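As you go down the protein sequences, you meet chains A and B in turn. Position 202 of the first sequence, counted from 1, bears residue number 202 in the working numbering, the numbering being contiguous throughout. Position 198 of the second sequence, counted from 1, bears residue number 198 in the working numbering, the numbering being contiguous throughout.
No lab work stands behind these hints: they were computed from the structure. Keep in mind the model is a prediction, meaning the values are calculated, not measured. Glycine included, every Cβ here is placed at the ideal spot set by N, Cα and C. Hints may be right or wrong, so weigh each one.
[Unchecked claim] Distance windows between CB atoms, simulated:
1) B:421 to A:80: 32 to 38 Å
2) B:460 to A:159: 43 to 49 Å
3) A:163 to B:375: 41 to 47 Å
4) B:189 to A:226: 39 to 45 Å
5) A:291 to B:192: 46 to 52 Å
6) A:69 to B:375: 54 to 60 Å
7) A:273 to B:43: 40 to 46 Å
8) A:5 to B:293: 23 to 29 Å
9) A:2 to B:245: 46 to 52 Å
10) B:356 to A:169: 51 to 57 Å
11) A:3 to B:418: 38 to 44 Å
12) B:449 to A:272: 44 to 50 Å
[Unchecked claim] So the derived list for chain B, only partly shown, Cβ under 7 Å to chain A, looks like this:
13) 32
14) 33
15) 35
16) 40
17) 53
18) 217
19) 275
20) 433
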Amino acid sequence: MDWHILGQQIINGLTLGSIYGLIAIGYTMVYGIIGMINFAHGDVYMVSAYLMAITLAVIHFFGIDSVFFALLLTLAVTMALTGLYGWSIERVAYRPLRGSTRLAPLISAIGISLLLQNYVQISQGARVQGIPTLIEGTIRFGSGEDFVQIKYVQVLILVASLACMAGLSWLIGGTNLGRQCRAVQQDRKMAAILGVNTDRIISLVFVIGAVMAAVAGVLVTLNYGSFDFYVGFVTGIKAFTAAVLGGIGSLPGAMLGGLILGLLESLFSGFVNTDYKDVFSFAVLVGVLIFKPSGLLGRPEVEKV
Amino acid sequence: MRAKVHEPIDFGHALRDALVTGVLTLLVLGPVTNLVLDGYAITAELLRGPLIVNGIGLALVVALGRFVVAVGVQTPAGRDLLTRFGQKGAHGVTVETAADNDWHRVLRPLVIGGALSLLLLVLSRFGLMDVQRAAALVLIVLFVVLGQGLGSLRRRGQSSPWRILVPLLFVAGLVLPLLFNAWGLFPKTWIGNLILALIYVLLGLGLNIVVGLAGLLDLGFVAFYAVGAYFLALGAQYFGIGFWTALLCAPILAACCGAVLGFPVLRMHGDYLAIVTLGFGEIIRLILNNWLEVTGGPNGAPAPGPSLFGLEFGRVARGEGNTPFHEFFGLEYSADYKFLFIYLVLFVVVAAMIRFITRLRAMPMGRAWEALREDEIACRSLGINHVVVKLTAFMMGAMTGGIAGVFFATYQGFVNPTSFNFFESVLILAIVVLGGMGSTLGVIIAALVLTLLPEVLRDFADYRVLLFGALMVLMMIWRPRGLIRPKRPAFAPKGA
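Isolated chain B, as found in the complex (with noise of 0.2 Å):
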């Protein structure tokens, strides 16, 4: 047994260290925050709120925090703390288990979400909460569930409840938006906000391939977006192409960008990469934003709305031939149609989408991603091609973004430029890097989470961008594989 010595704490150093900490922050936070610029004067604004806007407080929060730490480090307690959040989790790869699809396991995620659904059909019940909110949020908890059963494979043999689970979840979530809009729970405020999600959800799926999987940072994902949107709209305008044509095609002409813009690129040192498709949103936003002729330039373009067998979701048909959706079905006007239509068309793509991507990930060309992530050089010795499967990764990458794209020209019904400024590059980016990049079923959180919060929480929409930096460094120092650790889905091979 070893005898523990309790050394005394050094109040003195810790003393020094926060003042040190503070000065520094003073220096750094201190000009920028508590001296506004006012034309050539300045205004000194030294007692200035709120907090994370005063250099000064901050000062003083930091110096205080450094000297609890300092202090806090010193006793055994301390010590014992930073030992446990000292190590660092494995890095590498995680390979599911067999356990991972037991009964158990999977019934686990079902029970929690059939359970918080319940609590929230009960607290609207008793007028606790808003019942719109509350049946919006059912439907995310199923969609979230469901992209778990989707997003986990079956061993060869074996049995798993997904199943059966997965068709039923599936069914329940077309059928349950149609039956909430008929009792008046889904208005179109709310189908919107969930259409921008899954639209989210899409695009952080797709930037995951490339981000996560692949492991190429690229920071001009919503040029391929863009790509998709603007080619519904042009394309209407020019060619009189529909919503499903472009759905078929759009993805194709992303991919083909996505090639052309990578492969000069992949070949070399991956960090280009990040900085050359930086520069590639910019030019693709700066070419429809100044040539009026095509684009429309910051003016837009207007985008056509979906239809179903050539009927149109209209209030009267613009075609010629052609009949309204609600007068075929001698129901009532209502622009709610058009919206839960979108809806539940982009619900069945996301699903197809996430089980996609799921295979892929199982195929070769995922593992292929995945290990070139980890070393290229090992992969490349072992005679895979690196130029090819990255291209591979940026192209799918591009192709789902393209098709994100046609449903937000369709959903907005109109096109312009500010929707694909960098911010939203960094929202995409943010969305996986928060998710677990390489885990599907964290980037479907991640999407909800960052694109439904602000809905909720209006008053800080100031700072969101702010937060999305800090969350990035520190997400980035505390747990670079994300919240979600990502599994491997299992190889058995035959007979084993």
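So that you can see chain A by itself, here it is in the shape it has in the complex (with noise of 0.2 Å):
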């Protein structure tokens, strides 16, 4: 075996396991409070990266030259704006069906999504497109053929993730908005009783979850420098696996759940075979589903009538 190849896969399965983890941040929080798959995340998040590079380039053409400004600006708007779609898709296609039919909302979930990759497929060409590479630089461990390298956009991708799900848990540990989120998730009749407005916090939901979606767009998207309008499909299958991994419904669950995907998914391709890594991750979610479907920090179903 050889050993920096194995440094290097489980550097590079962390960077993405960081990414799959905030995206599954969306999947878990959206099914802990109403109990249903947000299948247009995934393309949510591609959604971000387009807005990503059109807030970048914009900057660009106002001649910002400054990375970190700009960076940082980019960052803010597509969270904005992200923001700004995650609260309308749920107020557009989900909000009028509470109460309706079960299949009802996954319905609308498939034709949302539909509309996004369509959408920006029709408004920005079906053609890859791409960034240029904004930070460079890497640290080297190790000396001559055999060395092991991280990239300063990695060691980037991971304070960041580190920090929002810090930020994350702060907010709903420790907020009175966070304690309401927790209420609604518990019980949300009781939680509208108590005078918690209800509608209102699961449109938060759905803004956190886009919010995070759109900071893994911009790492992503920083990281790699290329995306289409397809990216949020496989993307979004993986993350919807790291947060049932995790035990879908808990938040440190979801990063946990990512991490440890995004190590064994690194590894497979590195080891094993690169054409499969889609296959292998699916069959872990399978496998966790048979063997675990409460996940690793899940509470168990308890199905009430």
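Could you use the hints to bring the two separately framed chains together as a complex?
Below is the structure:
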């Protein structure tokens, strides 16, 4: 076994995994609060990549050269606009369906996913888009042929996703708003009786999910530089796998599941086969569903009448 | 009597609403539509056409619409309209009444269908319509009416007009294409279109069992379709099986795949099934694409055509000692024969399938599907094994998909992975959703419309997916049970 390859794959896996974790937050929170799989979430992530590139190009057009400032501005604008996407999708496609049949929100979500994909394809073209490398440089460990390197972008990804996770944990665990979120998650009717504006909290959860997806979109685009209108599909399935692996409904579970899935996938493609890495991730999903449906940190599901 | 109070219309409020909606629309759509990425640069297309990809224009339209609605609902007429359309349709199951099988009721679609066919023929006679298109439409109308007949059950001891009409329509459906073809009204392109339409009817019926009747969302239905198609193609390549063998074996294989996939997942919360099937559909496609040695990868694999008692439809016989169909009957060679034959076999299979599903719905199994869809907990407490019942629905759907796949492969003469992408699954789901989940007739009509309409409206091909997405959302909000409300076959105890 080549230890430097293993080390490299672990670093790549952790970076990939923290991205999955960020997107998985959107799935897990929405599922926790209204018990629905938001199929459009992967495409919200895709839209955020486009919004990021557009914002960056606009900033570039106005001649702002400081990379730090440009990135900060891009991140802020992308988060705001993607959050708006999350809010509008919930408002238009899911809120009218409260109390409808069980399948209705799922099908509506598929519709939104198609809409987003096709709309971006029509308006921005089907070709692969890209941005130039903004952050260069790597840190190297080891010497000669056998080395392990970590790019500065990867460091940024790890730090940023940790920061997001910490911020979100504080928001959910330590603020009044977070307490309302948890109340709605536990019992929506009772929370409403006690004066929580449940509609607003559900909207907020969608916005948080979309904002996290936006952070992921910005970071991934910085790292890989290219994207197209179809990236949301596979990434969405994998992030959902991460959410299930960690225990759907659990916030730390999403991050943990993301990291584990990223590591597994990265090791699989490094040591076994690259063509079938998507097949492998999916096999992980099925395996988890069969042997431990409640995930690593989730609570077993209790069905109430 | 209550006096009607006319409150003054609050224009300011309406204006504010319109402004907020407009600004939000602009913020959401504007960046993506009006700023087009071009490498690291951007081109601002502020006056972009068509309107659908112009965020600024759309924002104006939406704001105006919001304003009109906000003012409209404050007028007495608007309020009336709101109360009338605000009432949601009743949920649950509608049961057929005796009147549904009346001569009067039954004859209505027949008369409408007949009149429509006559109108089409007259129009084409006077050159107002393409003759071939009219002929194809006549066949479609005939099929829809037949579908209605096959989809209705007779009560015990009750006479129903369908008893005479269905065999008549069935024979007409077999004879008319031959006649039309002989008269030159039914060329190869239209046979092909109708074959594809019927394949989608079959797929729609299969998915309708899973989504419409059992209430399980299957997003990878295309996988079973692929299993059927590749079974014929690869089976012919490696084991030398033919069309008929595949037609019998592919459904079994597809059903087994459905069981293997469904069993672990169906035990859990229903929503997991959606994402697992979605993944499964992609996996099947990825394997077909990447396993070059066996499947031929993106280049695909050839599939054999059908045969009639050993007679092949090619210009020259492939197998040793075989005679081509046209030589045996002393006819001149024409590629139409093969497609006509596929069409006729498919017609029989689809008709049988409609009847099969209709009967199934009246059986305990079918009733259990729908009961489980309505209330799982109640069903389980009544002793229904929910896993087994769901599994039967899932396998039955997979089986139908497998049959459709065999027909697709033999019609195309060739299969490759691009025919089985996620969009196909979505198209089939759109058929079921638009047709009314659970309604056989609705699925037939939706399949015919959604597959044949793009042939007619080629200009809108780019916007097809967009339209499907929007329709799915709108249908779920407006009519979650579909356009045609499904009716439950009635059950009358003996002696009642």
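Here's how the hints hold up against the structure:
no.: 1; hint: B:421 to A:80: 32 to 38 Å; result: holds (34 Å)
no.: 2; hint: B:460 to A:159: 43 to 49 Å; result: holds (48 Å)
no.: 3; hint: A:163 to B:375: 41 to 47 Å; result: holds (46 Å)
no.: 4; hint: B:189 to A:226: 39 to 45 Å; result: holds (41 Å)
no.: 5; hint: A:291 to B:192: 46 to 52 Å; result: holds (47 Å)
no.: 6; hint: A:69 to B:375: 54 to 60 Å; result: holds (58 Å)
no.: 7; hint: A:273 to B:43: 40 to 46 Å; result: holds (42 Å)
no.: 8; hint: A:5 to B:293: 23 to 29 Å; result: holds (27 Å)
no.: 9; hint: A:2 to B:245: 46 to 52 Å; result: holds (50 Å)
no.: 10; hint: B:356 to A:169: 51 to 57 Å; result: holds (55 Å)
no.: 11; hint: A:3 to B:418: 38 to 44 Å; result: holds (42 Å)
no.: 12; hint: B:449 to A:272: 44 to 50 Å; result: holds (47 Å)
no.: 13; hint: 32; result: holds (6 Å)
no.: 14; hint: 33; result: holds (4 Å)
no.: 15; hint: 35; result: holds (5 Å)
no.: 16; hint: 40; result: holds (6 Å)
no.: 17; hint: 53; result: holds (5 Å)
no.: 18; hint: 217; result: holds (5 Å)
no.: 19; hint: 275; result: holds (6 Å)
no.: 20; hint: 433; result: holds (6 Å)
Violation of the numbered hints given earlier is absent; every hint is satisfied by the structure.
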